[in-house]
Structure formats: C-alpha cells, structure tokens
Amino acid sequence: MESKKEVVFGHAILLIGALIALYPFVSIILQALTPAPGSGAEGWTLENFISAWTRGGFSRSLLNSAIVAFAVVVATAIAAMLAGYVLSVLKFEWRVAVFALLMIGLVLPSEARIIPLYNLFASTGLLNSYWALILPQIASSFPLATFWMANYYAQLPESLSEAASLDGASEFEILRHIYAPIGMSAVLTLSCLVFLFTWNEFMLALVLMPDNVAVQTAPLSLSFFAGNERTTEPQVIAAAAVLVALPVVVAYFFLQRRFMQGLLEGAVK
Amino acid sequence: MASVDIRNVRKSFGKTDVLKGISIDVDDGQFVVLVGPSGCGKSTLLRMIAGLETISGGDIKVGDDLMNAVPPKERDIAMVFQNYALYPHMTVAQNMGFSLKLKKIPKAEIRKKVEQAAEILGLTPLLERRPAQLSGGQRQRVAMGRAIVRDPKVFLFDEPLSNLDAKLRVQMRTEIKSLHQRLRTTMLYVTHDQIEALTMADVIVLMNEGRIEQAGPPLELYDLPANMFVAGFIGSPAMNFVHGRIENGAFVSTKGVTLPLGVAPEGLEGKDVVYGVRPEHLHVVTEPGVGAEAEVQIIEPAGSETQVHLTLGGDEIVGVFRERLDLAPGSTVRLTTDSAAVHLFDPESGRRHIL
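Going down the list, the sequences are from chains G and D.
Quick note, the first sequence lines up with residues 1 to 269 if you use our numbering.
Quick note, the second sequence lines up with residues 1 to 355 if you use our numbering.
No farther apart than 30 Å at their CA atoms in a straight line, the calculated lysine-lysine pairs in the DSS-like style are these:
1. LYS112(D) to LYS153(D)
2. LYS112(D) to LYS73(D)
3. LYS104(D) to LYS91(G)
4. LYS15(D) to LYS91(G)
5. LYS113(D) to LYS153(D)
6. LYS20(D) to LYS153(D)
7. LYS101(D) to LYS113(D)
8. LYS101(D) to LYS177(D)
9. LYS73(D) to LYS177(D)
10. LYS20(D) to LYS91(G)
11. LYS177(D) to LYS103(D)
12. LYS153(D) to LYS177(D)
13. LYS153(D) to LYS107(D)
14. LYS73(D) to LYS103(D)
15. LYS91(G) to LYS73(D)
16. LYS91(G) to LYS101(D)
17. LYS61(D) to LYS104(D)
18. LYS103(D) to LYS91(G)
19. LYS15(D) to LYS61(D)
20. LYS177(D) to LYS167(D)
21. LYS91(G) to LYS61(D)
No lab work stands behind these hints, which were simulated from the structure alone.
From just these sequences and the hints, can you work out the full model?
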C-alpha cells in the first residue's frame, strides 16, 4: 500500500510535469487569441487565425500535408503489417539478416541521408513533387513500423495461425482474416505515431521541395510565414502555429483510447 | 473418416532425436490416445500428423494418401489445441464457420451446419458471443465445434483438457467420449494424464523418450504391462516395486522380507527380480503367520477407499483398501496379495517376466 505522503508526492511530480509540458502550448494559444498591434479588436479574438489563414496560404499547405501524411501512413501501415507477419509468423530463413538491415534504418540519422536523397531526387526529376516527401518518409517509418508489428504479432499464440491453416487458410488468408483484424489496435497506434512524425517533418520538406509553393507542407509554410512576419505580428504567427498543430491534436484525441490501448498491449500481455 | 498409418516416423531437431521410429496403425473410427510424460514426443507426433511439423523420416498416411509433403490446409484434418486457439475477434458462430467460409460455401448452408454442431455441443445460446465472454469449458466446446463443422477425416486433440479445473475436466472427458461414439470419426488424442487415457481410449499408445513402450487396449496395459515403465505409469497410485531375488521358489526382498508368489517361476531361481504389485491388490489379513509384516506410516481416507502408506522391511509401498480398517500410524499390519496379480520384472531391462 502506498502511504498518503507517497500519493501526494507522486501527484505533485505529475502536476509539475504536466505544467511544464502544457506551458508552451497554452502560452501560444493565449498569444494567438490576443489582438495583434494595430488591430481594433479588444479582449479575446479569432481574427489572428483569419489573418494567418488568408495571408499564409495555409489552406494549400495543410492540404499538402494531409496528402503526404495520408499516403505515408497508409503505405507504411500496409507494408509493416505484411513485413511484420512474414518476420514474426512465417519465420523465414533470413529474418535475422533482415532485422539487422532494418536496424540500420533505425539508427541512421536523417541528416546523413538528406544529401544523397537530394541527389537521387534531382536526378530522377522528382524534386519539388509530393513523391520527394512521400517516398523517403515511407522508407524512414518502415523500420520502426515493422519492428512494431512484428513484435505485436510475435506475442500472439502460434496456435492461431496453425488453427487457421488447418481450417484451410492460405498464408495470405491467415493475415487477412486473422492477424490483420486482431492487430488493428496496434496498427492504429502505429498510424498515430507515423502521422505525427510525418506531419511535423521539416528538414526533408525544406531540402527536397524548396521551390514549389503548390506542394509545400504546413510546417514549411509556417516557417516561411514566420520568417516574413516575425518582427511585426507574433500573435498572427502564434495563430498560424496553432492551425498547423491542430490536426495532430485532433487526431490524437480521436485515437487516444486506441492509442493508449495499443501502447499498453505490448506491456501487459 | 479415414485410417491413419504411421510407419517408422522419425523427428530430429538439430542433433536431438525427438521421435526414434514410431509405427502406429489407427483404424478407421478408432479413438487412440497418445500418452506419456512431458517431452516424450507425443505432441510432436500429433503435430506431424497435422502437418505443423516436418517429418525427418518415415511415412504418415491418412486413408491411402501419403501426407508427408501435403500442407496442413489440404490434409482435411481438424485439431483442438491446448489453448483452444479461438479467433478472438470473431463470434462463436464465425469461429465455427470460418473453414466453411474459406471454402466459399453459401452462407445459409454454413449457418445450418454451425447450428447443428452448436446443438450437439449445447452452444446454441452462445453463438453470437466472442471467445473472451466464454468460460473455459465453453471455449473448449467451441474449439470442438469448429472441428465438428468441418466433418474432417481425422480429429486431433492436443491436451485439450489441461487448462480446465478438475470437475470440468471429468465432465468434458465424458462429452468427448460421447462425441466420438456419436460421430465415429477417427480421433487421436494426446494427454499426459493416464486416467484420461484409460477412460477414453480404444487403444492407448504409451510413449517414452521418443519410443513406444506399449500399445494396446487400456486394460491390457493395466493388467499386462510390458515393462516397469508401463507398470509405473498406468494406474494411480502407481504400482509398488520391491527389489529382491527368487529363493527356493519364493520372492525375498533385499531387506529380507518374503512376499507371496503363486507358481514358482521357471528359470528365475536365484536371480534378481523386481516384484510388482498394484496398491489395490494388497489385502490386510488378521490370521497369525500369514502374509508379510508392514508398518503403517500415513493414512489417507477418501471415502470410497483408503490409501495407506506403509514400510515393508525398509521398502516404502502404498496400499488401497476399500474396506474400513482400524489403523493408526505406527501400527503393524500383515499384508498378502492375490498371487495372480503379482508381476516380476527384470531389474536391468525392466521387462516383465512371463509367469
């Protein structure tokens, strides 16, 4: 049993942690709601958001981010389910070598890849296109996603796939009818994480799509917008930052229960 | 339905030989129980019949078809797993109908077959539930239902009752036996529990360290064990073994106690033997000068019978008595036995001498 003292102490630590985590977020929201200099508004106002939206061209860049994130999440989830199944359930001969190869993908810093990537896309003519952002991000999410799914599937009893194969299912049918539906909470948690990484990706966007405003993603737009407006209207920049972060927050709240469930499943099973 | 012909089957994992040449003929419609201690290879053999393990040597035939290289999904064999292996995201009805759905059988027909199987197993009110909402016994029935629906050539059971409590285990044992009597499908059943083997089997195959020690009807293994391993494994409490030698046509233990023997065995005079007698074949006698003297150590009354631990000279033995005896720890009793129920074993090879 925990003593009352321990409970109070534990909660105090959690409270301090929560305050530290929330402070930047709350301060930026408060700033976004404060009237900008030269505005006629008083008290709280939403006009900074309208101003950021119209001046920063965020409708286009948010749509671009959505297209990129959606493509990366869907492709990564499908690829990770397939690869995770092969590595954990089929146990094919070269799995250790493949895991080692994936490990390289996990430990290699993204900065080390960016120049070769630039050269690759420049030579293929894909610079300044959606592909320049989608393809590398699928590749960089794939190792973690595969580990995630392989680990999840490895925890399921082997007899599940054996029972299905005796029931007459082919390997693909076992994945489709048994492992894919059972692994859905793990896939959703994974998708949430990949969405977060992809949405916030800045470096790749900066290097690989610098000259085409039509395909620029939201964080890049935010950076350009902030660069232009920094000295004059911080309130509008704060509003723009909230707009860019909002989809991630909304996605998290929608998937929160699944997300926590997915994170815990691996721990308690 | 089909016979199963297992011919000199071997299995090795690396350098370890798990099965060292197993041959079993399972007749069409027979209930065969593979029994043995943990690690004897019984589950491995069952998994090889199912196609879940490769065969290192020998042949497995189902009916007239050689199965060695046939993948599990094409063997038409159903298996009930120890952990049931139910699909957690499907309802009971979906679990049972899964194999038929894969075969693209019309929905109405699947429904009909699932309902028929559910009727047999008493699962009708549970058809729309998921496995997590079922008790252990109900899950066990669903696993059997999944097998029944398919109407397979052979049923395999891999220790299906070991996760159930004692009472439910007895109940499910009867249900599986009655299911076999009803369906008359060939069944191979793996267990480490010799009571399950004795109560359910048409034929018991007793395995040890990758070999068959003895195969035959349950009472044959009980009454005429081929060796000390079989004699010690089948029957509970286990058979008593006393080491000694044959002197002047009688058995004398190493501690000097003379035990009753019927006909003086030929060719064993002066030889070392192991005297085997089942606990239920020991009797307490009151006439003076009859039987061997033993000291009572522990008394375990169980209502219908009483189990008594005794020391005979220095050897520890167990007796099971159906009559009510007035015994106390430390007291002395005189024991005798039916000479027909005595077995003599070779102490080196463990084989039973034919008396």
